[in-house]
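Go ahead and model the full structure; you've got the sequences and the hints to work with.
To convert, count from 1 in the sequence shown and add 343; that's this note's numbering.
Hint data in this document are derived by calculation from the structure and do not stem from the laboratory.
For glycine and all other residues, C-beta sits at the position ideal for the given N, C-alpha and C.
Among these hints, one or two may not hold up.
Straight-line distance between alpha carbons at most 27 angstroms, and here's what the computed DSS-like set of lysine-lysine pairs gives [stated by the list, open to error]:
hint, residue 1, residue 2
1, 499, 475
2, 499, 528
3, 471, 528
4, 596, 608
5, 460, 480
6, 593, 376
7, 499, 480
8, 438, 471
9, 612, 437
10, 416, 437
11, 415, 475
12, 532, 499
13, 593, 554
14, 376, 437
15, 629, 491
16, 532, 415
17, 415, 608
18, 532, 491
19, 586, 437
20, 460, 491
21, 596, 360
Simulated DEER-style distance windows between Cβ atoms [claimed, not checked]:
hint, residue 1, residue 2, range
22, 502, 523, 12 to 22 angstroms
23, 384, 443, 40 to 50 angstroms
24, 360, 625, 35 to 45 angstroms
25, 626, 476, 40 to 50 angstroms
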Amino acid sequence: MSNQLISDVIYFLHSDKDHKWDELIETIHLVNKLNPYISTNNEIYEYMWNEQCGINVPLMYIASIYLYTHAKKHNIDTFLFATRDCCHWIEIFKKLYPNEHCVYFNCSRNMLDGATKTDNKYYDDYVKNCIKTDVNKCIFVDIHGTGKRAFSYFEKKYGDGQVPYNFLLSTSYRHYGEFPSITQKYYEKGKFLNLIFDARGSPIEMLNYDKQGTLQNYNHKGTVRDPPEYELKYLEAYHVCVKYMCRHIKEFKHDSEMNLESLYKIIQKIYRVIQDNKPAISVNIKHPVKHPKSEDAK
344 MSNQLISDVI
354 YFLHSDKDHK
364 WDELIETIHL
374 VNKLNPYIST
384 NNEIYEYMWN
394 EQCGINVPLM
404 YIASIYLYTH
414 AKKHNIDTFL
424 FATRDCCHWI
434 EIFKKLYPNE
444 HCVYFNCSRN
454 MLDGATKTDN
464 KYYDDYVKNC
474 IKTDVNKCIF
484 VDIHGTGKRA
494 FSYFEKKYGD
504 GQVPYNFLLS
514 TSYRHYGEFP
524 SITQKYYEKG
534 KFLNLIFDAR
544 GSPIEMLNYD
554 KQGTLQNYNH
564 KGTVRDPPEY
574 ELKYLEAYHV
584 CVKYMCRHIK
594 EFKHDSEMNL
604 ESLYKIIQKI
614 YRVIQDNKPA
624 ISVNIKHPVK
634 HPKSEDAK
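Structural data, given as structure tokens:
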């Protein structure tokens, strides 16, 4: 089944008549053949490798090009990739655009809520140091969400209108009118963009699990995190595969203006493959719906 899913994605990429994705297709074929789990009789890990190589990484690859093209229209000079779901995305983006200022941005629902309601000097200083020049030249990037907490935090700390652009790959909402009011406010100001609507978060988030727990607080020593809510051994195939892929991904040269509509159509098709097929890792891990606030993080 996994090879069929990969074939579907490669078909989507081949459908581009300009052959922009030939190099990506070659990398998919190469790394798929290098799957170290074929000879171990570990069918789950073998499937996980195929999912990353042939489905999730191509999605992150195309989404990176869309993100970059969109960001440069707004003179962005700082890319804030949210922990934890963007652990693979930022690595792929940095390979495609090695000269951009990218930050694996320490945040979470609980962290941003807490730092918005109560002043946290240590976190505020951390955020300030992440910004290359100006908050209005930043873009906050996440795989799934609402944009609410990032907008609320930056508005509180920097003032009305002084917030980063916000770029979401997907959301569970069906249209922009269902987003929280603060997100709608910045959508109307041209500072918010979401690509995929009416999507479950668990499949895409599971493919992008990080090796660290959710962020609960930030103090003089730095991040205060919960332990990971899953056994890290189950992430091995996903993470090793991304490392292999990144060894072969080369800097992306924009010879001409990229067509966002054509990029969007490919993103839609690959994302649907993820939505329609349960990730292999779900055999070993039950995805948490919400991360409770930790009393130990105070």
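For this session: Measure nothing beyond the straight line between the CA atoms of residue 460 and residue 491; if it is 27 angstroms or shorter, mark the hint as holding.
Result: 14 angstroms, holds
Exercise. Taken at face value, is the distance from the CA of residue 437 to the CA of residue 586 at most 27 angstroms?
Worked result: Holds, at about 13 angstroms.
For this session: Would you check the hint for residue 532 and residue 491, treating anything up to 27 angstroms between C-alpha atoms as holding?
Result: Roughly 15 angstroms separates the two Cα atoms, so the pair holds.
Problem set entry | Pair hint residue 499 and residue 528, alpha-carbon separation not exceeding 27 angstroms | Holds, because 15 angstroms separates the two Cα atoms, which is no more than 27 angstroms.
For this session: Would you check the hint for residue 532 and residue 499, treating anything up to 27 angstroms between C-alpha atoms as holding?
Result: Holds, because 17 angstroms separates the two Cα atoms, which is no more than 27 angstroms.
Exercise. Honestly, do residue 502 and residue 523 meet the 12 to 22 angstroms range at C-beta?
Worked result: At roughly 19 angstroms between Cβ atoms, residue 523 and residue 502 fall inside 12 to 22 angstroms, so the hint holds.
Exercise. Between residue 471 and residue 528, is the straight-line Cα distance small enough, at 27 angstroms or below?
Worked result: 23 angstroms, holds
For this session: Check the following: the C-beta atoms of residue 384 and residue 443 are separated by a distance inside 40 to 50 angstroms.
Result: Once the Cβ atoms are compared, 42 angstroms apart, the range 40 to 50 angstroms for residue 443 and residue 384 holds.
Exercise. Are the Cα atoms of residue 416 and residue 437 separated by 27 angstroms or less?
Worked result: 19 angstroms, holds
Exercise. Would the pair residue 596 and residue 608 pass a check requiring their Cα atoms to be no farther apart than 27 angstroms?
Worked result: With a Cα-Cα distance of about 21 angstroms, the restraint between residue 596 and residue 608 holds, given a limit of 27 angstroms.
Exercise. Given the hint that residue 532 pairs with residue 415, does the C-alpha gap stay at or below 27 angstroms?
Worked result: Satisfied, since the Cα-Cα distance of roughly 17 angstroms is no more than 27 angstroms.
For this session: For the pair we were handed, residue 596 and residue 360, check the Cα-Cα distance against 27 angstroms.
Result: 18 angstroms, holds
Violated hints: none; the structure is consistent with every hint.
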